[in-house]
Amino acid sequence: MLCEVDYLSKCPVCGHTVVQLTRIDKDDNISVVRKVNKKAKDFLTKLKNKVLYEIRPINYSKTNCGKFYLNYNEFGVMKRCYSNLSTMKMGLTEDKYLKINP
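My numbering runs 85 ahead of the 1-based position in the sequence shown.
Among the hints, erroneous ones may be present.
[Said to hold, decoys possible] Straight line, CA to CA, 30 angstroms or less: simulated BS3-like cross-link-like pairs of lysine-lysine: (1) K111 / K124; (2) K124 / K95; (3) K95 / K131; (4) K120 / K133.
[Unchecked claim] For each label pair, taking beta carbons as the anchor points, the in silico distance ranges come out as: (5) D112 / P142: 16 to 24 angstroms; (6) L87 / T130: 18 to 26 angstroms; (7) N134 / V98: 28 to 36 angstroms.
Calculated directly from the structure, the hints in this document are not laboratory data. These numbers come from a predicted model, not from an experiment. Ideal Cβ placement from N, Cα and C applies to all residues, glycine included.
Let the hints inform the model, and build the full structure from the sequences given.
So, in structure tokens, the structure goes:
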């Protein structure tokens with residue numbers, strides 16, 4: 086089983102604290118647990134002594150582009166908050182080098 090913990094101390098839209106635990110078992114089944122605010126902080130404190138991690142320095146020479154979070158869409162409307170899993174949009178991102186993109 087492989088687990089990954091993502092911690093967002095402050096959502097750029099609503100200001101909530103978000104913790105997400107993603108688990109992948111040996112059959113490649115993915116399950117996600119997401120907690121917000123006080124439940125997120127309690128969940129993270131329970132997990133801290135069980136987390137194994139390795140601090141790796143970031144090598145910026147391998148990256149050829151950057152990513153950033155923009156609070157507004159192309160029409161100037163504020164985006165929805167991603168602390169709710171149902172509003173999160175997951176899928177393929179556009180790759181300008183692939184010929185399958187419209």
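Do L87 and T130 keep their Cβ atoms within the hinted range of 18 to 26 angstroms? Roughly 22 angstroms apart at Cβ, these two residues keep to the hinted range, so it holds.
Satisfaction of hint between K133 and K120, Cα-Cα up to 30 angstroms: holds (15 angstroms)
Is K124 within 30 angstroms of K95, Cα to Cα? With a Cα-Cα distance of about 14 angstroms, the restraint between K124 and K95 holds, given a limit of 30 angstroms.
Evaluate the given range 28 to 36 angstroms for the C-beta pair formed by N134 and V98. holds (31 angstroms)
Indicate whether the distance between the beta carbons of D112 and P142 respects the range 16 to 24 angstroms. 34 angstroms Cβ-Cβ, so the 16 to 24 angstroms window is violated.
Run the distance test for K111 versus K124: straight-line Cα separation, threshold 30 angstroms. holds (28 angstroms)
Taking 30 angstroms as the top limit, are the C-alpha atoms of K95 and K131 close enough? holds (20 angstroms)
Taken one by one, the earlier hints fail for this structure only at number 5.
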